[in-house]
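Asker: Residues per chain are reported as follows:
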Amino acid sequence: MNYDILITGLIIVAQILAVVVPVLISVAFLVYAERKVLALIQLRRGPNIVGPFGILQSFADALKLITKENIIPSGSNKIVFILAPIITMVLSLAGWAVIPFAPGWVVSDINVGIMYLFAVSSLGVYGIIMAGWASNSQYPFLGALRSAAQMVSYEVSIGFVIITVLLCVGSLNLSKIVLAQQTVWFAIPLLPMFIIFFISALAETNRLPFDLPEDESTLVAGFFTEYSSASFVLFFLGEYASMILMSSMTVILFLGGWLPPIDVYPLNVVPGVIWFTVKVIFILFLFIWVRGTFPRYRYDQLMRLGWKVFLPFSLFWVVATSGFLVYFDMLPN
Amino acid sequence: MILYSLTFYLFSSVAVLSALMVISAKNPVHSVLFLILSFVNASGLFVLLGAEFLAMILVVVYVGAVAVLFLFVVMMLDINFVKLREGFLQYLPFGALLGIVLVIELGILFLTDRSSNIYNNQTPLQPIVSEVENTKMIGQILYTEYFYLFQICGIILLVAMIGSITLTLRDKGGVKRQNIDSQNTVDASTAIEKKKVKIGEGI
Chain A
353 MNYDILITGL
363 IIVAQILAVV
373 VPVLISVAFL
383 VYAERKVLAL
393 IQLRRGPNIV
403 GPFGILQSFA
413 DALKLITKEN
423 IIPSGSNKIV
433 FILAPIITMV
443 LSLAGWAVIP
453 FAPGWVVSDI
463 NVGIMYLFAV
473 SSLGVYGIIM
483 AGWASNSQYP
493 FLGALRSAAQ
503 MVSYEVSIGF
513 VIITVLLCVG
523 SLNLSKIVLA
533 QQTVWFAIPL
543 LPMFIIFFIS
553 ALAETNRLPF
563 DLPEDESTLV
573 AGFFTEYSSA
583 SFVLFFLGEY
593 ASMILMSSMT
603 VILFLGGWLP
613 PIDVYPLNVV
623 PGVIWFTVKV
633 IFILFLFIWV
643 RGTFPRYRYD
653 QLMRLGWKVF
663 LPFSLFWVVA
673 TSGFLVYFDM
683 LPN
Chain F
2 MILYSLTFYL
12 FSSVAVLSAL
22 MVISAKNPVH
32 SVLFLILSFV
42 NASGLFVLLG
52 AEFLAMILVV
62 VYVGAVAVLF
72 LFVVMMLDIN
82 FVKLREGFLQ
92 YLPFGALLGI
102 VLVIELGILF
112 LTDRSSNIYN
122 NQTPLQPIVS
132 EVENTKMIGQ
142 ILYTEYFYLF
152 QICGIILLVA
162 MIGSITLTLR
172 DKGGVKRQNI
182 DSQNTVDAST
192 AIEKKKVKIG
202 EGI
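If you read the sequences in order, they're chains A and F. The first sequence lines up with residues 353 to 685 when you count with the numbering used here. The second sequence lines up with residues 2 to 204 when you count with the numbering used here.
Bear in mind the hints are in silico, worked out from the structure with no lab data behind them. Here the structure is a predicted model, which is why all the values come from computation and not from measurement. Worth double-checking, as some hints may not be accurate.
Unchecked claim - Pairs of lysine-lysine, BS3-like flavour, derived with a Cα cap of 27 Å:
(1) A:Lys-420 with A:Lys-430
(2) F:Lys-173 with A:Lys-660
(3) F:Lys-27 with A:Lys-528
(4) A:Lys-388 with A:Lys-430
(5) A:Lys-660 with F:Lys-177
(6) F:Lys-27 with A:Lys-430
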């Protein structure tokens, strides 16, 4: 036996842990931040009991939920029922493998990074569909059906937005996408696509105003109505982890990843990972802000927005951008 | 190299087993889920071959979109698969014939001498990973040499799309639709009408 394989394996495991553990911790603080921001929007205090300023609230909640009894409905399809939250959680963590936090800070710097992210985020719907079907109950099933249609619709416009960015970069590698924004962040020339991507990201992560799969005022809790205890925690963690993943994707595609806003002295000595984190936090704040501000869309309005507004508009922008790049001979390589 | 073959056998065996489960599972939803597992493993095999773009396209198109709609339909329609299976023995010879034809064709394809056919002076079947990204290679060959075929594929898809829309489009009439533009242009002068109501009478 040679020890090379063993050592490489250990290094890979260490890299994975170095990404997954901070993500899970930031999920805990994101939940806390969301409750605090929503409380401020609604002129309440929010969690303030556990720890200083209630900062340990999420850990207390997680402990409480995990120690509860895990109820599996007798009419459910048990294997799929248990598999669904695990799939949601795994998929929301799998995407982090290709995210570059700073130059060279990436677990796997693959050539098709953005395609991988797109693929992983489009798989996220399976956790929801499987949960809804396996619960063998009306509300979760309705939630699952809604989610299936919703995610397929908004993926189309996300795909076109990604194509527009790729036209300007000439590579599918995420680090190259960031480096292509050294002169100007893509959020400025491609502002409409940035907005479309942000809204589609809201729909893709089932956040308000598009949280129809869980819609608590009509469907109890939507697809996870029958879930309790640890399996509920997995859904919860999965949702927030994929929220952070989508925010990182937004930052990489449009806000210049780890790059400082302008390349001048005091700004460019700040480590890239800090810039990256600050931008992700900003996008996450937008997610929460939107949740605190807008009412939920009706289902037909959601479909109309996806197919009749975003799809034609993003298609037009793909054509317009490629036409512009070809006409002024600005196509990358 | 050991790791490579181990992963290859892992992906291929899971792919074959889940493909078997697709046709043998009793529950149609389980069949679709096994189909998805099979797709994902096939895309793993593509990655091992160095065809990462095809692998991702397989996941995005088949797993992320087509299989979702499969699952959607299978879940929505209450298909009685026991009844569908009743004619299994009756169709068995026909199915076996199709299978044999497919195997013979594949055999002919793989056993013929490669040096004599059209692939003679083209790139080898296995892409060279270290050179140009295979996304770029696919693009360079798809949009130049096979441009017309690519366009024809697009037109076929368009025709299929229009066909399915015309088959399913039913405008029943009398359906209330939201007109967002007209809603947004409403103001007090168009929405409110002042009327003088005489005492003791309605409008």
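Asker: So which of the earlier hints does this model not fit?
Answerer: Going through the list in order, the structure violates hints 3, 4 and respects the others.
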